[in-house]
Every structure is written in C-alpha cells, then in structure tokens.
Amino acid sequence: MRTNYVLIDYENVQVKSLSLLMEEQFHVKVFLGPKNSKLSTDFVLAMKELGDRADYILMETSGSNALDFHIAFYIGALATTDPTAFFHIISKDTGFDPLINHLKEKKKIFSKRSASIEEMPCFLPVPAAKIENVSNEVKVTTKPKGNSAKSLLDELTKVALNDLIKRKNSKPRTKQTLLNTIQNSCGKEKPMTEIEAVFKSLVKKGYVKISGEKVTYAPPSTHL
Numbered sequence: 012m013r014t015n016y017v018l019i020d021y022e023n024v025q026v027k028s029l030s031l032l033m034e035e036q037f038h039v040k041v042f043l044g045p046k047n048s049k050l051s052t053d054f055v056l057a058m059k060e061l062g063d064r065a066d067y068i069l070m071e072t073s074g075s076n077a078l079d080f081h082i083a084f085y086i087g088a089l090a091t092t093d094p095t096a097f098f099h100i101i102s103k104d105t106g107f108d109p110l111i112n113h114l115k116e117k118k119k120i121f122s123k124r125s126a127s128i129e130e131m132p133c134f135l136p137v138p139a140a141k142i143e144n145v146s147n148e149v150k151v152t153t154k155p156k157g158n159s160a161k162s163l164l165d166e167l168t169k170v171a172l173n174d175l176i177k178r179k180n181s182k183p184r185t186k187q188t189l190l191n192t193i194q195n196s197c198g199k200e201k202p203m204t205e206i207e208a209v210f211k212s213l214v215k216k217g218y219v220k221i222s223g224e225k226v227t228y229a230p231p232s233t234h235l
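Going from the sequence shown to the numbering used here is simple: count from 1 and add 11.
Keep in mind that a hint or two might mislead.
[What the hints assert, rightly or not] Estimated spans, in silico, between C-beta atoms of each pair:
#	residue 1	residue 2	range
1	53	220	28 to 34 Å
2	180	224	16 to 22 Å
3	113	211	41 to 47 Å
4	227	87	34 to 40 Å
5	45	185	34 to 40 Å
6	53	106	28 to 34 Å
[What the hints assert, rightly or not] Straight line, CA to CA, 30 Å or less: simulated DSSO-like cross-link-like pairs of lysine-lysine:
#	residue 1	residue 2
7	27	211
8	216	201
9	177	211
10	179	119
11	225	182
12	103	27
13	119	169
14	186	220
15	179	225
16	161	177
17	161	115
18	103	161
19	59	49
20	59	186
21	182	40
22	59	103
23	216	199
24	59	27
25	27	182
26	161	220
27	169	216
28	161	186
29	225	186
30	115	182
31	123	211
Simulated from the structure, these hints should not be mistaken for lab results. Ideal placement from N, C-alpha and C gives every residue a C-beta, glycine not left out.
The whole structure should be built from the sequences, with the hints applied where relevant.
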C-alpha cells in the first residue's frame, strides 16, 4: 500500500478534523509557526490517536517563507527514503505549486497541494455527470432513471461503489470514515439519511462487510 504523507501548513490552514486520515497509509506532519501556540483539544487527541504516524514540526523563529522551506526540506528527505510515496501539502499558499510541478514533472514524485484535507485527491468525489473506467472505457451516468427514491438510491450506490473500486487498497477501514467517503463521493449536500441508506445498500448487496467498527470489502473488480 502506498504511503500518503500529509504535510499541514498550520500557519495557513487551521485544520479542524483528522477523521479522514485514520487509515494506516496516512502519515501526518503538522508544521507550526511560533504563533501557533493554541491547538484545539480534538485536534491534539486526533494526532495522539495516530500514534507514531503523526508528528509536530515547530518553527522556533519566524521568517519569510520559513515554514514553506521546512515543508520542502521534509518532502525531499522523505522522498529519498520512500520514493513511491504520495506527498500532500495542505495549504492555501499557491507558492507551493512550482515545487509540486517540479516534483511531478522532473522527479516523478507523486505530490499535490490541497486547500484542505477534504480536497485531497483521494477524497474527491467521482464527477457527478459520469464515472469512467479508463482501462475498459466503461461509462456510467448518474442521472436517475426515474423519479422514484429507489432509482435515486441505486444510482447513488453505484457512484459510491465505483468510487470505492477506484481507491483500490486505499479504501476506508472504519464505518465512520466510510460514511465520510460516501458523502464526499455522492455529494456533501446530501443529508446523512441518504448517506446511511447508501451505506446500508452496499452492505445489503454484499460489497461491504461490517465487523464492529471495522470494514472489509468484496466489490466487483471493475466499475459498474
């Protein structure tokens, strides 16, 4: 499973939740400036729950782009020991983009800047208009076939399932993370009642299996 390093520019983005990063492939490094002296209790507890997959990097003195340089240094150091990893920079600072482009184009290092954890590529929903399996050229529209609630549920279930298939070995491993992922794929505006219905539909169809809070999968190998 590919390791995903999430490097958070906390001077720029005050992250509220790490719930999407609880899976074992995510390693989190939070870069704090001298003025970031107060962190929420929930955030600190979430970092503690990640154990040795989470770390704080504290800047002792401030300076122009000092934190940015630290993030760049850590990506370089980590890429040396783990060249196949994916590096996510969480920041609204577009100054990182030239570095990201250089890493991808010149060094073939997987990397991406996102304005929030929820906007990381692995959590973005499948486009609402269609889902395309590039290798098999299979296209599926998400427009309901009818106005019935069942047709809508079937279509949302199909969207969620295809999104899970796309994730391969990066599927959520807990029920709560799966619910968050379903909401991201089906639409954040969807009420939780619909998200729960999609979850139950996946379980009923045998694509998702629940044991306590742990989740395992038996989806088809290709998109529907």
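Verdict for residue 227, residue 87 (Cβ pair) under range 34 to 40 Å: This hint holds: roughly 37 Å between Cβ atoms.
Given pair status - residue 177, residue 161, alpha carbons within 30 Å: holds (24 Å)
30 Å Cα cutoff - pair residue 123, residue 211: violated (33 Å)
Pair hint residue 216 and residue 199, alpha-carbon separation not exceeding 30 Å: holds (23 Å)
Straight-line alpha-carbon gap residue 59 to residue 49, limit 30 Å: holds (16 Å)
Residue 225 paired with residue 182 [C-alpha distance capped at 30 Å]: Holds: residue 225 and residue 182 sit about 12 Å apart, inside 30 Å.
Hinted pair residue 225 and residue 186, Cα distance within 30 Å: This hinted pair holds, its Cα atoms lying about 6 Å apart.
Pair hint outcome, residue 103 versus residue 161 [Cα-Cα no greater than 30 Å]: violated (40 Å)
Hint consistency between residue 59 and residue 186 [alpha-carbon to alpha-carbon, up to 30 Å]: Within the cut-off at roughly 20 Å; holds.
Pairwise beta carbon distance, residue 113 to residue 211, judged against the given window 41 to 47 Å: holds (46 Å)
Given pair status - residue 27, residue 103, alpha carbons within 30 Å: With a Cα-Cα distance of about 15 Å, the restraint between residue 103 and residue 27 holds, given a limit of 30 Å.
Pair hint residue 177 and residue 211, alpha-carbon separation not exceeding 30 Å: holds (20 Å)
Violated hints, in rising order: 13, 17, 18, 31; the structure is consistent with all others.
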